[in-house]
Structures are given as structure tokens and as C-alpha cells.
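> Listed below, chain by chain, are the residues.
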Amino acid sequence: MLVHKALFALMVVLAAACSSPSALPPIATQAPPSGPPAGFTAGSYEGTTPGGAAYKIEAPTSWNGTLLLYSHGYRAEGTANPAIDAGDATTAKYLLDHGFALAGTSYSSMGWALEQAFKDQIDALEVFAQKVGKPSRTIAWGHSLGGIITAGLVQLRPERFAGALPMCGVLAGGIGAWDAALDGEFVATTLLAPAATSGPLRSPSIQLVKISDPTANGAAAKAMYAEAQKTPAGRARLSLAAALSAEPGWFSIATAEPAAADFVSQQVNQELWQEQVSAPFAFNFRAELEKRAGGNPSTNVGVDYARLLDASPWKAEVTALYQAAGLSVQDDLGALARAPRISADASARDYLKRFITFDGNLKIPVLTLHTSSDGLVPVEGEYAYGQTVARATRSTLLRQLYVRRAGHCAFTPAETVTALDALIKRLDTGAWPDLAPAGLTSSAQQLGADYNVFSVGGKVVPVGAAFFKFDPAPFPRMFDAYVH
Amino acid sequence: MHARRALALATVALLSIAACRGADTPVAATQGPIKTGVGVEGQTIKLAELTPLTGSVALIGKPLTRGHEVYFQYVNDVLGGVGQKLPKEQRFKVELVTLDTQYLPDVHVQQYNAVKDKVAAVAQSLGTPQTKAILNQIREDKMLTGAASLSADWFKEKYVVPNGAPYIAQVANAIQYLKDKNVNPKLGIIYQDDDYGAEGISGIEYAAKAVGFTIVARASYKTTDTEFTAQVNTMKQAGADHVILTTTPTPTGRILGAAAALSYAPRWIGNSPSWIGALVGTPDKPSPLVPYMSQNLWVVTDQGCGWADTGKGCEGSKLMQDNLAKYAKDQAPDYYFSFGYVQAMGIHAILEKAVEMRDLTRDGLQKAFEAVSTVDTGGLRLALGFGANCQAKVGVTGSTIWKVDTKEPIALANVANVDSKLAKDYKYCP
Numbered sequence: 001m002l003v004h005k006a007l008f009a010l011m012v013v014l015a016a017a018c019s020s021p022s023a024l025p026p027i028a029t030q031a032p033p034s035g036p037p038a039g040f041t042a043g044s045y046e047g048t049t050p051g052g053a054a055y056k057i058e059a060p061t062s063w064n065g066t067l068l069l070y071s072h073g074y075r076a077e078g079t080a081n082p083a084i085d086a087g088d089a090t091t092a093k094y095l096l097d098h099g100f101a102l103a104g105t106s107y108s109s110m111g112w113a114l115e116q117a118f119k120d121q122i123d124a125l126e127v128f129a130q131k132v133g134k135p136s137r138t139i140a141w142g143h144s145l146g147g148i149i150t151a152g153l154v155q156l157r158p159e160r161f162a163g164a165l166p167m168c169g170v171l172a173g174g175i176g177a178w179d180a181a182l183d184g185e186f187v188a189t190t191l192l193a194p195a196a197t198s199g200p201l202r203s204p205s206i207q208l209v210k211i212s213d214p215t216a217n218g219a220a221a222k223a224m225y226a227e228a229q230k231t232p233a234g235r236a237r238l239s240l241a242a243a244l245s246a247e248p249g250w251f252s253i254a255t256a257e258p259a260a261a262d263f264v265s266q267q268v269n270q271e272l273w274q275e276q277v278s279a280p281f282a283f284n285f286r287a288e289l290e291k292r293a294g295g296n297p298s299t300n301v302g303v304d305y306a307r308l309l310d311a312s313p314w315k316a317e318v319t320a321l322y323q324a325a326g327l328s329v330q331d332d333l334g335a336l337a338r339a340p341r342i343s344a345d346a347s348a349r350d351y352l353k354r355f356i357t358f359d360g361n362l363k364i365p366v367l368t369l370h371t372s373s374d375g376l377v378p379v380e381g382e383y384a385y386g387q388t389v390a391r392a393t394r395s396t397l398l399r400q401l402y403v404r405r406a407g408h409c410a411f412t413p414a415e416t417v418t419a420l421d422a423l424i425k426r427l428d429t430g431a432w433p434d435l436a437p438a439g440l441t442s443s444a445q446q447l448g449a450d451y452n453v454f455s456v457g458g459k460v461v462p463v464g465a466a467f468f469k470f471d472p473a474p475f476p477r478m479f480d481a482y483v484h
Numbered sequence: 485m486h487a488r489r490a491l492a493l494a495t496v497a498l499l500s501i502a503a504c505r506g507a508d509t510p511v512a513a514t515q516g517p518i519k520t521g522v523g524v525e526g527q528t529i530k531l532a533e534l535t536p537l538t539g540s541v542a543l544i545g546k547p548l549t550r551g552h553e554v555y556f557q558y559v560n561d562v563l564g565g566v567g568q569k570l571p572k573e574q575r576f577k578v579e580l581v582t583l584d585t586q587y588l589p590d591v592h593v594q595q596y597n598a599v600k601d602k603v604a605a606v607a608q609s610l611g612t613p614q615t616k617a618i619l620n621q622i623r624e625d626k627m628l629t630g631a632a633s634l635s636a637d638w639f640k641e642k643y644v645v646p647n648g649a650p651y652i653a654q655v656a657n658a659i660q661y662l663k664d665k666n667v668n669p670k671l672g673i674i675y676q677d678d679d680y681g682a683e684g685i686s687g688i689e690y691a692a693k694a695v696g697f698t699i700v701a702r703a704s705y706k707t708t709d710t711e712f713t714a715q716v717n718t719m720k721q722a723g724a725d726h727v728i729l730t731t732t733p734t735p736t737g738r739i740l741g742a743a744a745a746l747s748y749a750p751r752w753i754g755n756s757p758s759w760i761g762a763l764v765g766t767p768d769k770p771s772p773l774v775p776y777m778s779q780n781l782w783v784v785t786d787q788g789c790g791w792a793d794t795g796k797g798c799e800g801s802k803l804m805q806d807n808l809a810k811y812a813k814d815q816a817p818d819y820y821f822s823f824g825y826v827q828a829m830g831i832h833a834i835l836e837k838a839v840e841m842r843d844l845t846r847d848g849l850q851k852a853f854e855a856v857s858t859v860d861t862g863g864l865r866l867a868l869g870f871g872a873n874c875q876a877k878v879g880v881t882g883s884t885i886w887k888v889d890t891k892e893p894i895a896l897a898n899v900a901n902v903d904s905k906l907a908k909d910y911k912y913c914p
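For the record, the sequence lines run as chains A and B.
All letters in the first sequence, in the order written, are residues 1 to 484 by my numbering.
All letters in the second sequence, in the order written, are residues 485 to 914 by my numbering.
Bear in mind the hints are in silico, worked out from the structure with no lab data behind them.
There may be inaccurate statements among the hints.
Claimed, not checked - Derived DMTMM-like pairs: lysine to aspartate or glutamate, alpha-carbon spacing no greater than 25 Å straight-line:
hint, chain 1, residue 1, chain 2, residue 2
1, A, 363, B, 579
2, B, 602, A, 428
3, A, 425, B, 579
4, A, 363, B, 525
5, B, 577, A, 428
6, A, 315, B, 624
7, B, 626, B, 854
8, A, 425, B, 561
Stated by the list, open to error - Label-pair ranges, simulated between beta-carbon atoms:
hint, chain 1, residue 1, chain 2, residue 2, range
9, A, 80, B, 706, 53 to 63 Å
10, A, 439, B, 698, 51 to 61 Å
11, B, 626, A, 304, 32 to 42 Å
12, B, 664, A, 464, 51 to 61 Å
13, B, 689, A, 304, 54 to 64 Å
14, B, 562, A, 439, 47 to 57 Å
15, A, 261, B, 562, 18 to 28 Å
16, A, 261, B, 723, 27 to 37 Å
17, A, 439, B, 816, 13 to 23 Å
18, B, 708, A, 439, 32 to 42 Å
We put the CB at the ideal spot given by N, CA and C, even for glycine.
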């Protein structure tokens, strides 16, 4: 199965940001309360867990006793699946040089591999203990799908971890994330596909769920988005689909963020997310999820799209584009209200609840990190996670950090290290350090030019740290253990 | 200085102590163990904050919640927790559980249900229709609930803690002020189409009838509306020259913008939720409506010291600002910050009384609420009225009328304090 190149560019985190630092910056990371076990065995290890996942372990000779267990992002079936123990080489080297040990696995399955990953990652901890020694503490961290796996690991196995750093994680949980994706699919196909009698928009083959030919389905959806973008009416409807599934109006780090009232540019950016990133996930990779869940886990029965639009930060854009196209948004909302809805298969939904729905009942400190404009894993998922943790009355254990940037997992090594450093301070002192964005940005900048970089179009370019105060909008399809 | 009004109520010595002590109804204190119930874990009391953190009314919810956070941080850090008569290590820390309601009644209900079995009380329930949506459950759960809303209906409720003079009193005081100034207005009202707006209607109908003024126009809006030209035109065409705004800040801004565009300039008189300092913009980017607002808008709030008043009789304002500087440097001066801060003082007074009565269960908190008759706020507001019956809770019904003045820290300057018989005489209780 082929994965779109742009998707890879977004999902492979920082892989190209690998320039080696010439000298280590003077940031101090703290020693844990107790150091490494006596007689530990430093070294690099690769092999296979009992469950069949490839693992990678690195323990420096100056190990400080802390192990960082890394969970990687989504990998489509048919692509390479190596074990990795960090998101990028620059950050990995920094951490090893500062005395941290690293571990991670490939997972023994691909796609929405949460069920397997939860076991594989714990297996990696056992292998680490055998090969290197027992850590004095373990911190879970990971990107994207690895972010939901990280948050899931500390929900399911809190006794194995001291803290967690889910980055760009699917923190709305499985049900919420895939329901919101279904909304985007549903709105786009309901409003766009019936409008054409021929050409790419006339796509009776586009399936929202129970997808029989995922590759063809993804391609048809991609064509639907591209075609719609050619007309004012299509762009208005795309903006509605984007607003209802929380697609942001800024696509790439290579371009400036559109101004607040620049609705035309915002929609162009949203369409890029829809066509290049969401289309393969929603219309193609959903099939992999259905296969493992034993049916369709998603539903939009009873969803009031007019109400979702009222709550969307993109409502003004939608209103403006409908006006420009001479269309009535009320008419389209009426069409959506009348359109037949999609029901979930109960057992498949139950599978996705188990892998995983968050209960918010944190037992250990968790720090999250997200970019402000992430069209694959919307930042609004952080809102869902924050509210779920609040409902469990565990907010004192959670802090959420934001970077003002377009892109999925588009963090610099400096931002990543700074966030990790803040979490370690929390673990060492029992109190959250000052997390004011200006201070974090300054700390990240002080790490130096080698760490304040990002890969743009295959080239490593300087990128300044950009922590900022941000309050994400409500996640459109909240789903958690307390309300369901 | 209008702060002197507060002197009548505040014999403030050490505010940090006075703030946590209700005027005492004698209570037999025992020295047995303190009974605890839901939401008290060890030496931590968990309190829910049900408030809009997203959507247009987050403009109110965020600073109001910040007021709670700052006040309770002061309680935890400086006072060592709740229970001033207990040894320090036995005092109770307060932990706030903050949930976003989006200012939507059904979300409010959802959030209440999610957290009701984990908190001792609700320190803040923002919004009149939102709080009414959980009222039956509040009664069933015996959940003491601080209303961040000035509905007159709260005085009748056993478990709802009011936070000052109601919207009806604000309207009545404003109308009495016009009467006293020999104005004979043609009144209009633009109001939110819900229980909050209904209180504006009750106020204008009651007060206009009592003083013989004419209401020439009424127009409502829904909380999801974004366009207000029709409502403004209704006022203009009816010739309304004094218009009550029972609104929230975002509609207020849009209404005034539409009116300015139509060259319509009545005297606008806003209930307290109509206002937020952000309406004037920032010093480097002021709203173009500032001259219009300065000329034409009054805002009516509970009576109390202005932000800049920190002298005698306004010691509460001084302490609040010291705490703000210590715990929330990034919080700009804001009316709703102080509203929340005062509300937290009221909740704190009840918690102190409950510890004194050695009962932190839901029943114990309700009894403590009845046992606290007034809460001295150090001049920040006229004393809060608590107590065992409706009339006691009505307390003081005075208002301050403000005009927009960007030279002031919260962009409001005192026009008058009005404590009218008209506002007092409204039949708040059965």
C-alpha cells in the first residue's frame, strides 16, 4: 500500500533534522533521585521482543538511571517498520549525551496498532531490565499515534512509569478522533459528490465506512477535494467540511500563517490538509482500522452539524465563503441534517473504546505538546484530554504546552528537549516549574542553532522556538469515560 | 471617594482574617473529629468551577475563574488553608476542578454530572440559564453551588450561594437614578432570549411602572446570533433614548458597533454581564468604538470600590491587587476578576464556618451557608448576604453606575452609587 509522499513528510518526525551538534549546550538536566542500578550494562541493543516487535535500546556509560520509552507514530501497512527509540537523531544524541537511556519498538503490528503496542512497549521495558538493568524511573514519550500510545500506557500501566510526554498525540481518544474524521468525510461527500453528474466528483465508489478498496477510495476522495477546490461553491463547502472536522487554516511551515480575516488563504490551507493528509487517513487507512476492529467503529447518528458550526473557530470563514459563492449555509446544513446517517457496529466501537478511550484518571505527571495548526491530529484533541482529566479531578497532574506552527509533530529538537526538561523538573521537585511560554522559548533558544532547526521540503532550516499561550477550541466530537 | 460607602460595613482590621470570617450566628462548636464527605480527600477540599473557557462568554469565564484561582491560592499559601483555628498541618487546602461549559446549558449539565460525585461543592456555576439547568440536581445532590450569575431566583434556593445584588436591582437602581436626575426617558431593552434576559425584562417592567416611565421597544437575540442590526433598528425606529442591555460582552460590542454605524446614540445602560474591559481594546490598539462608548454607555454593577481605590474602606481591593501581582502577573485589571475573587471570598467564608462547625459534608456545608449571615469583602463589594432565609440572602441591593473611561484601570469610572428603595422594594422572596 502506498502512502502519500506528503503524508510521510508530515508523519516522519524530524527525521531530516539530524545535523550533529558540535558542542553540547549548557542546559542542565537533573539527576533522578536515585541513580542507575549498580553494575548496569551500557550499550546498544537490537532484537525482537517475545511478541514479535523489533526493539532498539541505547544506554550510555554515563546513564543517570532514567529510561525514556519512545512510541513512534502511525505506519501504514506495507511500509518499512524499523524499531526506533527517539523521534529524531539530534534529540536522541542530546539525550544520550546527557545520560538518558532510550528504548522503543517497531510494534508487532502496523496501522492502528494500539492493542499490540501496549504489550510490545511493556515488553521492551522487560528486555531493557534484562539487558541493561532496572531503571530508577521510566518516562513514556512519543509522537502522534505514539502520543496516544504514550497516554494509553500511563493509563493502563501507571505503575511502570514516573511521567509521560505525549507529543502531537491523538488525545481525543480513538472514538472521538475517528468520529470527527467521519464528520469531515460525511460533510464533504454529502455536499460535493452528489453535485456532479460526471467527472471525479461523481464518485459513487467513495465509501465512508466498510471500505472495500482502500487505495482506490483514498484516490477518489483526493480527487473529490481537488476538483471542489476549483469553484467558489466547492471551496465554500470544503470550508464547511474543514470547520466541522477541525482542519486548521495553516498548512505549512514554509508559508506564513494567514491573517485572522484572510478567509481565502485559510481555506486554501485547509484544502491542502484535506486533500493531502486527511483523505488517505479517513478514506484509506480507515479500512485497516475496520479490519482489526471487526467492523465500522464510527457513527454520526444524532450529530447536529449546525451546532458544531456554531462552536467552530472557523465559522466566520465559512460564512464569508458561502456569501462569496452565493450559497446558503443554512441550506447545506439542512441537507446534512436530512442525509442518512452512519451507524457504528457495536463490537467494533467497543474495540476502539478499549484501544483507547481516556478516563483522565492520571496517577503520574503528564506534559503534552502540540502545534497550533495540525490538520492530521487536530490540536482540539488536547482540549478533549484536558477536560477529561479535569472531570477526573486530576488536573494538577497535567500541563499542556503549545507551539505556534503549522504541521503535524512539527517541533524542533530544542522545543522537544525543553518540554522534556520541564517534565523532569516536575518529577524531581514534585512541583511544576514555571511554564510561561516566554521562558520556555528562551530556554529552547539557548540550546543553540543546532537544535533550533526543522526539515522543510527535505532541507534543514533554522526555526525559532515558538511556545505560546493557547486555548484550543472544543473538540467537536467529545467522547470520554465520564460522559459515555 | 465612593469607597467610603464600604466603611459603613467594613470595620476591617486585618483583612486576611476578616475575609474568612462571617458575621457570626452563634454555633456550638465541638472538638470532635471534622466530618467529611464527597470531595474531601485527606486535607484537600475539591471544588468544581463550571464556567465557559471557550466561546464568546469565555471573555467573562476566564478572568472570573482567575479570581477564584488567585483567591484560593492566597488561602492555601498565605493562610495555610481553610480552618484558621486549626493547627497549620490540619488545615484544608482547596483544589479547584475547572470544567468548560461553553456557556451552553446542556454542556453545563454534562460537566456537572461528570464531576458531581468527586467534589464537595461547586464554587462557580456561571450563567443563569446554565445554573437553572442543574437546579434540580443541585437540590437532589445537596450540592452547595456558588452562582456566578445575579438572578433574583437564587435567594429562594437552599443550596445556591448568591453573589450580590440581582440584575433586577441593577436595572431598578439605574432607572431610579434617571428619575432622580429628572430624566423622562423613552426606554428600550435588548436582552438575551433566555432566563438571564428575562431578569432584565422583569427589572425594566417593574421599575418603569413604579416610576411612570414608558417602555417603547424590546428586542431579543439568541446566544448564537452574530448580527444585531435588526435589534438596533427596532430601538432606533421606536425612538428609544435610554436602552437597557441585558447582554453579554460580544453582543454588546456588536450592538454598539451597529448603533454607531446607524448614527444612533441613545444612553445605553448595561447590566454587569454586558461589559468586559476588552471591549475598549488595548492601549496600543484601542477599539474604534471607545469615543462612542465613553459618550453613550453606562454599566451597572454591584456597589463597591473601584480598582484604583485602595485606601481606607477599600483594604480588600488593596489585598486583591497584591495577590494579583503575586499569583497572576499576566492578568490585566478586570471587573470579572474581582467578581470572581469576591465570590471565592464568600465560598471561603462558608468553608471556614463548616470547619468551625466540624462538618465538611454536603449537609455540613449547607448548614454553614445558613450560619454565615454576611461576608465582609473589605470594601470590594457591599457585604454579601447569606443566611437561612430568602430575605436574609437578598442582603444589600445597591449598585454602582459606571461610565467608560480608558484612563481607569478597568476602563470604568464611577458615575454614581445608587442604593434605591425601588431596588429594595422588589418582591424577591415569596
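> Quick one: which hint numbers does this structure break? Sort them smallest to largest.
2, 6, 13, 14 and 15
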